[in-house]
Amino acid sequence: MLKEYKCPCCGGAIEFDSSIQAMKCPYCDTEFEMETLLAYDEELSGDRTSEFNWNVSPGKEWQEGENGSLYSYICNSCGGEIVGDETLGATHCPFCSNPVIMTGQFAGALKPDIVIPFKLDKKAAKEALKKHYMGKRLLPKSFKDENHIEEVKGVYVPFWLFDTDANARIRYKATRVRVWSDSTYRYTETSFFNVTREGSLGFEGVPVDGSTKMDDALMESVEPFNLSEAVDFQTAYLSGYLAHKYDVDENESIKRANERIQRSTEEAFAATVEGYTTVLPEASSVDLSEGRARYALYPLWILNTQWGGEKYIFAMNGQTGKFVGDLPMDKKAFKKWLFGIWGIASAAIFAIGCLISLIG
Amino acid sequence: MKNKILAVLLALLLCISLAVCVSSQDVPPRLSDGADILTEKDELEILSELDRISTELSADVVVVTVTTTEDKSPMEFADDYFDYNGYGQGSDHSGVLLLIDMGGREMWISTTGLCIEAITDLDIENIFDMMEYDIDNENYAGAILTYAEYCEFYIDGAVNGYPTNYFFIAGVAIVVGLVIALIATGVMKGQLKSVRSRSEAGDYLKKGSLNLTRSSDMYLYRTVTREKLPEKSSSSSHTSSSGRSHGGGGRSF
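If you're matching them up, the sequences are chains F and D in order.
Taking this note's numbering, the leading residue of the first sequence gets 1, the next gets one more, and so forth.
Taking this note's numbering, the leading residue of the second sequence gets 1001, the next gets one more, and so forth.
Bear in mind the hints are in silico, worked out from the structure with no lab data behind them.
Treat the hints with care, as some may be off.
Straight-line Cα separation of at most 27 angstroms, DSS-like style, residue types lysine-lysine; simulated pairs [stated by the list, open to error]: (1) F:LYS153 - D:LYS1207; (2) D:LYS1189 - F:LYS136; (3) F:LYS126 - F:LYS111; (4) D:LYS1189 - F:LYS131; (5) F:LYS331 - D:LYS1189; (6) F:LYS144 - F:LYS311; (7) D:LYS1193 - F:LYS141; (8) F:LYS122 - F:LYS245; (9) F:LYS311 - D:LYS1189; (10) F:LYS335 - D:LYS1193; (11) F:LYS119 - D:LYS1189.
What follows is a list of derived Cβ distance ranges for each label pair [said to hold, decoys possible]: (12) D:ASN1211 - F:LEU280: 21 to 29 angstroms; (13) D:ARG1226 - F:ASP41: 29 to 37 angstroms; (14) D:ARG1226 - F:LEU38: 29 to 37 angstroms; (15) F:ASP41 - D:VAL1175: 49 to 57 angstroms; (16) F:THR277 - D:LEU1122: 32 to 40 angstroms; (17) F:LEU358 - D:SER1032: 34 to 42 angstroms; (18) D:LYS1041 - F:LEU358: 36 to 44 angstroms; (19) D:SER1245 - F:PHE339: 54 to 62 angstroms; (20) D:THR1225 - F:LYS144: 56 to 64 angstroms; (21) F:SER183 - D:ASP1136: 29 to 37 angstroms; (22) F:TYR185 - D:GLU1125: 15 to 23 angstroms; (23) F:ASP215 - D:ARG1226: 51 to 59 angstroms.
Given the structure is predicted, the values throughout are model-derived calculations rather than measurements.
The C-beta atom is built at its ideal place from N, Cα and C for all residues, glycine as well.
One chain only, chain F, in its complex shape (with noise of 0.2 angstroms):
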């Protein structure tokens, strides 16, 4: 009776011949025992695909009179759409600081289920902004002297929520290396392991920006919010803030989602996987159940500004209080500093090579 199986090292066909107690592949002459073979097949056939399955519908419909006193702004410039109570008055995009205009009550669109309320004011985020320009070397002094920020202004930023189960099974190809020498050569063995993981994993409230507006990659580096204090919505955290109306839909942003979960399970299961010399996942599987997703609103402040005809945008997590946003680099100071220090470096190194050479 004759049937193929793969060859762990090469991939190659092993026709398995039952006379035969060890298997040699015929391609790369590595040796096994038997059962090795039948227990590697075993565990290849168990190779799968991963499998996002989600069944949301965040949000709530707004209840009559609930938005009555909700206003939205459109800013002709670039588009957005931002929602404020009566309080707002005239203000300006915090997007792209052009004046917006107020276009009517707000109507539409799902009314958030929570919301993380402003722990920290405008003057932390003014403070904040100061910090963020100390002990940066190649920040251009021009930068920071006549630096106005324009305007700063807090901002419910909305986002999807994820929370879900990760089934996963992992498959590993792993080896340990034990090197030895005798008086004329160095031997260097290198066992090969097949290591699964099968298991699952919790996730809660993984966020997703919700708004095109605001720049992903500044959102997530924001990131994280404390979902512990957050609140059930009422329209009365909105007093005296902006807050964006949400233009990703959540399915649309659940592919982000998958991304973040996938690449944290896998983290997680790596770790799991001790004792060897390298590591290498040879298939992975993740599938997501009791997958739930929630309509939030996180606070944020943002601070716009120009400078040698570039804006920067500056955003400060209102809960946390983190402080991001790219600063520009002066380019004098740069190269200062790379051939000072280089200069500098060398002569201290030859001089200490010197020194050394001269004792010994």
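Model the placement of chain D on the given structure of chain F, informed by the hints.
Frame of chain F, contents of chain D only:
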């Protein structure tokens, strides 16, 4: 009785004077061209070079050419020639001797005392390599001068340390300095960037929710590779007929 004492004293005196005579007696010249492969002019030049090096480094650098090593091997002949002619300086008779046997067409370098460690087996191979071109072209004077030059380099290096190569240190310093500068300015550049997308969701992992239902680690197969270790430069030594230790190595030509 007195005569007897006088005779003994005289004998003693003779012995001492002889001994003094032997010890202070000049050893044969450091170059002996028994095979007559050098011109008179070359001989003078080589001899003065050998004498200069030998005096400066307190180790005799000797060359002897012969047409036959009689019934001895080149190693035995070279060792004995060095020992019984009284070459070598200091208590350990430091020195190095090059034997060129034109009859057997063989060369041998014999090291003694400090030179055993100063000129390792690999160094001897290197000296032969450097001499090879001149030997093949029968430029024996050139080959011998090469030998003298390298002996000076190795013995001087072992005694006073090898000369500092400032160009090498400067080259290393410039390269390492540039790496340091690039790392340092890279860190400064990194400070300006704080907006990065996140590809993982580790912050939202429910603590303690990882539940492994199956965990298998299966041994598949092993491979063993071997590679030759680099040879260390060492000095093998042997004892000659006089009872002294010598290092050395030879080559046919």
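Each hint, compared with the structure:
1. F:LYS153 - D:LYS1207: Violated. F:LYS153 to D:LYS1207 sits at ~35 angstroms, over the 27 angstroms cutoff.
2. D:LYS1189 - F:LYS136: Holds: D:LYS1189 and F:LYS136 sit about 9 angstroms apart, inside 27 angstroms.
3. F:LYS126 - F:LYS111: Answer violated: F:LYS126 to F:LYS111 is near 31 angstroms, above 27 angstroms.
4. D:LYS1189 - F:LYS131: Holds - the C-alpha atoms of F:LYS131 and D:LYS1189 are around 17 angstroms apart, at most 27 angstroms.
5. F:LYS331 - D:LYS1189: 10 angstroms, holds
6. F:LYS144 - F:LYS311: Holds - the C-alpha atoms of F:LYS311 and F:LYS144 are around 14 angstroms apart, at most 27 angstroms.
7. D:LYS1193 - F:LYS141: 17 angstroms, holds
8. F:LYS122 - F:LYS245: 22 angstroms, holds
9. F:LYS311 - D:LYS1189: The hint holds at about 19 angstroms.
10. F:LYS335 - D:LYS1193: 18 angstroms, holds
11. F:LYS119 - D:LYS1189: 31 angstroms, violated
12. D:ASN1211 - F:LEU280: 21 to 29 angstroms: 24 angstroms, holds
13. D:ARG1226 - F:ASP41: 29 to 37 angstroms: Since the Cβ atoms of D:ARG1226 and F:ASP41 sit about 31 angstroms apart, the hinted range of 29 to 37 angstroms holds.
14. D:ARG1226 - F:LEU38: 29 to 37 angstroms: 31 angstroms, holds
15. F:ASP41 - D:VAL1175: 49 to 57 angstroms: With Cβ atoms ~52 angstroms apart, the hint holds.
16. F:THR277 - D:LEU1122: 32 to 40 angstroms: Between F:THR277 and D:LEU1122, where Cβ atoms are some 35 angstroms apart, the hint holds.
17. F:LEU358 - D:SER1032: 34 to 42 angstroms: The hinted range 34 to 42 angstroms holds for F:LEU358 and D:SER1032, with Cβ atoms some 40 angstroms apart.
18. D:LYS1041 - F:LEU358: 36 to 44 angstroms: 41 angstroms, holds
19. D:SER1245 - F:PHE339: 54 to 62 angstroms: 57 angstroms, holds
20. D:THR1225 - F:LYS144: 56 to 64 angstroms: Roughly 58 angstroms apart at Cβ, these two residues keep to the hinted range, so it holds.
21. F:SER183 - D:ASP1136: 29 to 37 angstroms: The hinted range 29 to 37 angstroms holds for F:SER183 and D:ASP1136, with Cβ atoms some 35 angstroms apart.
22. F:TYR185 - D:GLU1125: 15 to 23 angstroms: 22 angstroms, holds
23. F:ASP215 - D:ARG1226: 51 to 59 angstroms: 55 angstroms, holds
In summary, the structure is inconsistent with hints 1, 3 and 11 from the numbered list given earlier, while agreeing with the others.
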